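*Asks:* Protein chains in written order, with this note's numbering: chain F, 10 to 293; chain B, 701 to 889.
Hints are computed from structural coordinates only; laboratory data are not their basis.
Here the structure is a predicted model, which means the values were calculated and not measured.
Glycine is no exception: its CB is placed at the ideal position from the N, C-alpha and C atoms.
Treat the hints with caution; some may be incorrect.
So these bits of chain F aren't anywhere near chain B, every CB distance computed over 10 Å [as the list claims (entries may be wrong)]:
id, residue
1, Leu22
2, Leu26
3, Ala27
4, Ile108
5, Pro133
6, Gly175
7, Gly208
Chain F stretches covered by chain B per the calculated footprint, using a threshold of three residues with CB under 8 Å from any CB of chain B [said to hold, decoys possible]:
id, region
8, 198-207
9, 254-260
Partial list, computed: chain B residues near chain F (C-beta under 7 Å) [stated by the list, open to error]:
id, residue
10, Leu752
11, Trp756
12, Pro760
13, Phe836
14, Leu842
15, Glu844
Each chain, letter by letter, is given below.
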Amino acid sequence: MTEDRFAPRLHDLMRELAGNDELYIEDVLARTARTRQRPAWAFVSRWMPTLDTPLVRTMPAGRVLLVAALMAMLVMLLATFALVGGPEPRPPTSVAPVIAERFVMPFEYTIPQGSELAATTVSPQMYALTEGSSTTYPGFGYEPVSNLRGITIAFAAGASTHRAGGRADLRLRPDTLLEDLRGNPTLAVGPLSGTTFGGLAAVRSDVAAVAASGSASYPDLHLDPLASGDTALLALAFPGTLTVAQVDGGLLIVHVWAADAEELEAWLPLAEGLVSSIRFLEEP
Amino acid sequence: MVDQRSLVQRAQKGDHDAFATLARAAVTRLGPAARLIVRDPELARDAVQEALVSAWRDLPGLRDPDRFDAWLYRLTVNACLAAARSRRRRAIEVDVGVIELREAGDFASAVADRDQLDRALRQLEPQRRALVVMHFYLGFPLPEVAKQLRIPLGTAKSRLNRSMALLRLVVNGDADAAAARVMEGGEPA
């Protein structure tokens, strides 16, 4: 078979192979209907059209990169003058309060003395405190791949998870979110109990992994942002706990985990001490 | 009949019904493309969902409404590649082993061809699958595919040639040659 005859055959085979399964579009549209559009002025290309001129389009890639690098340096220079304060402080190994100012609801907290916890602002809706290495995926999410133990604090204006047959939205209340998570076949959610978080009433549950052979589901939460920005992925780690509190516009989710049950038992008192030290700097 | 350009312009101003019309039309093309790239129906649904949510959210930033289709495909392909990366790092599904090649005489069956193509596609890296799908399934010219995937045109040509060599061997039933190539390193040189 020559290439000329092969290509159309390949197209037909691909069409057969892909099949047809578009029944989920109404679920997608229900989700987009709840999502706010970013205003046009928020896009740089809209108010800096000079970046997309025929001249730039015909420039060699190297020169475009050079121009972009010079512009980036200029922006950084201006930012240096404009910013009050420096980069986000790494939590010291002391009892001094640390401020997480880039989180959607800025808060301060105190880490346990002697702890090696390091802070990562994954996005304005996700803040992670971990021991050991962690992995962030810009624009996608965060996964505690090899961490010994840690705490993730996340905000969700909407949430969904995987279920047999597709992704499903979770009802946006602390108790119903945890109840609905039980629909994820890779996740075991324990009994719910009442607690507090940052002065807010909250619901807490233990979470553990379930080996779901042959399942295409994953133990994670997809979290919608408050306004603009990418949907965040919170990949859960086990064993651990989930604490959920209601705030204006969504939910605050606290995920505490450790490498194994024994480690979690040792970690929980320290982690809960840190979580209970959280004080929101603005009304959540 | 309302043309696509005016639907895009209405959707850019927040008309969700206009966006729904665009999305229902697009999903019949996006869904199969995503399934071919990701090779996992669940992740493909996720990728299409992510792409459509991003499209709705960022639509006001699209400067040329006539580029809506190309823009939406780029969002979908990026979401597919992100989903494929996520699957790889979780190691839930691992494709192992070489292509189980059938005897040449069995290739009379279309089902067998499809099965062989499925196995061959799984041997390709997700970005190469995306390249093959965009060019041969969605019909984008190669320069447009290179632009969408943000790779040089020469790289796109080279990757396409290597990918097609493997697919051609498998689908044409050149079992010995394909098996040898796969055993040598996964893809034909």
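*Asks:* Now look at each hint and say whether the structure bears it out.
*Replies:* Hint-by-hint comparison with the structure:
1. Leu22: With a cut-off of 10 Å, Leu22 of chain F comes too close to chain B, as the shortest Cβ separation is near 5 Å.
2. Leu26: The claim is violated: Leu26 of chain F sits with its nearest Cβ about 5 Å from chain B, within 10 Å.
3. Ala27: For Ala27 of chain F, whose nearest Cβ neighbour in chain B is about 3 Å away, the distance does not exceed 10 Å, so it is violated.
4. Ile108: 29 Å, holds
5. Pro133: The claim holds: Pro133 of chain F sits with its nearest Cβ about 15 Å from chain B, beyond 10 Å.
6. Gly175: Violated, because the least Cβ-Cβ distance between Gly175 of chain F and chain B comes to about 6 Å, which does not exceed 10 Å.
7. Gly208: 32 Å, holds
8. 198-207: violated (count 0)
9. 254-260: violated (count 0)
10. Leu752: With a closest approach of 5 Å, the Leu752 of chain B hint holds.
11. Trp756: Since the shortest Cβ distance to chain F is 4 Å, the answer is holds.
12. Pro760: 4 Å, holds
13. Phe836: Hint on Phe836 of chain B: holds, closest Cβ of chain F at ~5 Å, below 7 Å.
14. Leu842: Since the shortest Cβ distance to chain F is 12 Å, the answer is violated.
15. Glu844: Glu844 of chain B check fails; min Cβ-Cβ to chain F is 14 Å, beyond 7 Å.
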